[in-house]
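Enquirer: If you're matching them up, the sequences are chains A and B in order. First residue of the first sequence? That's 1 in my numbering, and the numbers climb one at a time after it. First residue of the second sequence? That's 1 in my numbering, and the numbers climb one at a time after it.
Worth flagging that the hints you see were computed from the coordinates, not collected in a lab. Treat the hints with caution; some may be incorrect.
Across the chosen pairs, the derived CB separations fall in these ranges [what the hints assert, rightly or not]:
#1 GLU184(B) - PHE235(A): 32 to 40 angstroms
#2 GLY344(A) - GLU207(B): 20 to 28 angstroms
#3 GLY344(A) - ALA30(B): 16 to 24 angstroms
#4 PRO14(B) - ARG193(A): 37 to 45 angstroms
#5 LEU212(B) - ARG232(A): 51 to 59 angstroms
What the simulated footprint calls covered on chain B by chain A, stretch by stretch (three residues with Cβ under 8 angstroms from a Cβ of chain A suffice, anywhere in the stretch; the number is not a length) [claimed, not checked]:
#6 263 to 269
#7 274 to 286
#8 289 to 295
#9 316 to 328
#10 368 to 378
Cβ coordinates follow ideal geometry from the N, Cα and C atoms, glycine included.
Here's the letter readout for the chains.
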Amino acid sequence: MSAESLFTRAAAVLAGPHESNAREWPAESARSVWRALRDADALPPLDTDPAVLVALACEAGYRSTWAPLAETLLVARPLLAAAGLAVPDGPLTVASGPLDVRFTHVNTDSKVGPLGACGTDDAVRVSGTLSRVPWARAADAVAVLTEGPSGGPVLLLLETAECRQVEGVNLAGEPRDELVLVDVAVPAERVRRVPAALVREAEWRSGLARAALIAGAARGCVELTVAHTASRVQFGRPLSHFQAVKQEEAKLVEEAALIAAAVEAAGTALADPDAAEFAGWIAAAQASASVAEITRIAHQLQGAIGFTELSPLHLSTTRLWSWRDEDGDEQVWYRRVGRRVVEGDSDRLWPLVTGS
Amino acid sequence: MTLSTLITGAVQLPPETRRLRQEVRDFLDAERAAGTILGRPDSWLTGWDPAFTRRLAERGWVGMALPRTYGGGGRGNLERYVVIEELLAAGAPVSAHWVADRQAGPSILRHGTEEQRRRFLPRIAAGECFFSIGMSEQNSGSDLASVQTRAERTDGGWRLTGTKMWTGGAHINDYAIVLARTEEAEDRHAGLSQFIVDLRDPHVRVEPIRLLSGEHTFNYFHLEGVELAADALLGRPGDGWQQVTGELALERSGPERFLSTLPLLIALVRQLQRTGCSPDQHARVGRLTARLSSIRQLSLGVAAALEAGRPADVQAALVKDLGTRFEGELVNEVREILPVAARFDATRGSFPELLAAAILHSPGYTLRGGTNEILRGIITRGLELSS
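Excised from the complex, chain B in its bound form:
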């Protein structure tokens, strides 16, 4: 993999996406007019609004890349890309279905039994079934293979014991896909399996972990001897590592890896349109726009590669490092372009409040989805192996 193969080529979005994009923009205009809160940074992490999700689902924009047989939209991943980038740029509240749409749905489609597909996918696409990610633990962050949560075989299925951490939405979602050790193995990547766990199970205890902003999205998620039927296993026992790493390219390269703070830049431009703009302010806005556009091209390249069935793990790591560093740089640049004291207690949606939200969320950008320092190791190794 030399650099030339790392760049997956300029992507021209299929012509039908032009109309789709306009449909999404019209929908968002109507939502704005109706006063739904939009234009917020990091809305895919904190904008939990099941009613908004259902309105999206009515238009076929949740689970849209899932096959029609399972209630999905049967559309391509590039069409899905257009919809989600529009939603993120608008700062729409999409966190309720985010993991179900991005990860759980495709994962159940790929690894699930026919029964699991019929049970979950139509509800995901209807915007009625929300998922959390049950991967990280107290001692397993970047080093996921070290998970301690255990699944033991029982007569009828499995018993899960352990504690997941940083689990977004575990207190409000319906299910989590949990990575657990099913077997001790010499190879630490072997012996792991994935399970679909009902978050309402009486042996699941969810305990909040507040963000430094005081917001509640993260949780401890204790599995206290959760009894699962055999059909809760997702995929094959022992294949958990392959299944989890297979999701990573999709998880790391999407538009949520560079658009989390774009609503703040859009709000800044509106301020500059009102107050007037100096050549230096023009240049700084131009700098951010150039970088944003270039990162988006790389991200689209990964989406196209995945759509064509080509592996893109290294490219995805590259997009995630560039994109999430950009999300943070944007916040700092905005501060310098238009110095305003950030205020979390200012009117919701006002410029100082949006700035505060973006600042308070900034430590997360380069951590979630794989710490950037680890991703850089993946990039270097990927290039070296190929040259």
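Just chain A, with the same shape it has in the complex:
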């Protein structure tokens, strides 16, 4: 089956009817999205073209889909696969942060380091708190990056049922839960030592996933705004006939187009390991940065109705206001990009921009 038809089937599922009170029951909603994707044979297999996955994440952002689609497809799955861990089938999420990680089976014969520095296998016991984990209550499992018991990063696959959950939400009501781990035993087959490069990859992948969602929600803002200014009549003519409105609306369209172009380019670059990281940073930076202008103009042009739940605009804008800061705001990405441009003593700016 071609990648395009997979995208078409999946996009049709996301466009379909939502759970009517998804905001009250986000976990149920996420599970029903997964069920619908499976029923339509539209759950992307692991070897799906990454550009299609990015396009799907955009679609999820556009439809304000109540499910961790971007987190699963663009972050958790590729990280688990890269680390050689088994990839579960259901909704997934990712988290990182300092935890107390100890070997379950301490190697008492080891002469290396203090007692506990070595295990007879990789099985660990984990305690600590992971905060603001996206969709934790709806995910079957969470991929956790943290420092391992003998130094150096490890990737763990935790089943969410093994953790205590404290519910929290972002500005749009999407789950951002706390996971409390009390001496959770993680068997060796769900633990991998990973290179530092994978930690970096986790960061830019999260940024890119968020950027793809932002690109979609920005498109939603444009479409609602254009429809509103074309149909709303004041002083005897549609709002879109006022020069002042045209000027602002064009800037809204431009910022949304800018994000879409950066995200598409990053999606294409995923196939090229040399270019993927920088392209991901650029997409993440531009997406976070453009949110302020997009939400400002969309709300200004849609007037009082957009400020209320009578209009669906808030589904996009409240998400945008949270997404731009989750996984790193524009300043974080700007500094990374800037450091890469300035470091060394050769002219790197233009070669980086052109990817060659």
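Please arrange chain B on chain A, whose structure you already have, making use of the hints.
Expert: Frame of chain A; chain B shown alone:
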């Protein structure tokens, strides 16, 4: 045209462009070593250097998208894009052939007679024939259909009378393509035609208009009863409006709409490499880099659409508004990142002098090629018509 059709898709440059890009960079390194002035902002407007143009032409990089039959390179528009973006990023002096290469060549290829193609295109590709744009007038800026220049039929051809304005390079180029009214018409977009006018004609009088920097690139260009043979008409009489607007997507979406001030940013980065760079300076450089990269992706999308023969007028307007506003923002950001007093009288090529050149040229970025306020109207209307 919803937003999704406005974004023409991520463009992967064809693999052969990788080598081409390296060839251009090697050429530019050699030029730098030879002391040709490079690294200047707005070099496509003011960097007039026919010898540089001829060296480019020897390598096949002028008129490179024109067919080989007419002396061109027979390469694609995306390959041309790679060459010109490299030249602009390097601030190379490309203004002599800029209009001939971007506009006059493709326009003559598309609308010209076989005789006109054979007469002009090989010389354009050889870097020996330079063109100006004869569109704007004193009372016709954004509203081009209101041009007053008239072309009357004579026994052997046409007689042109009127005054063009803001005509870049009219005092040093060879020809201008002039938009003139050939017929009064109810529909103001009808009755316009394009003519190829020899700038050395005794009835052409060129009068300088100095930029606020004192530089001379713009002119009045008086057509005082210029007698033209019938074969000076470009395209069909009355089709001038369609012909002119057909050029606009190409004129508005190219890399010269966002790279005019890039050489200043590159110079800034060199300064920061020497002096050290704070986290805030890193972030500001990163901001400009992210925006630049994103705009370039949009611009490439338009180039690919044009290459595939798809219309892209609205997308081109979008690129031009974003890109030219960026050119100005860059200058102001650079001031804030590394406060240095701009000096037009400092050593040519030094940082304060480059900053001065970029500042003094900044009013032009969002005016030339269609005022941005008008372009925004095109964007809004384009989206509304489609939804």
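Enquirer: If you check each hint against the structure, which ones fail?
Expert: Those not satisfied are hints 2, 5.
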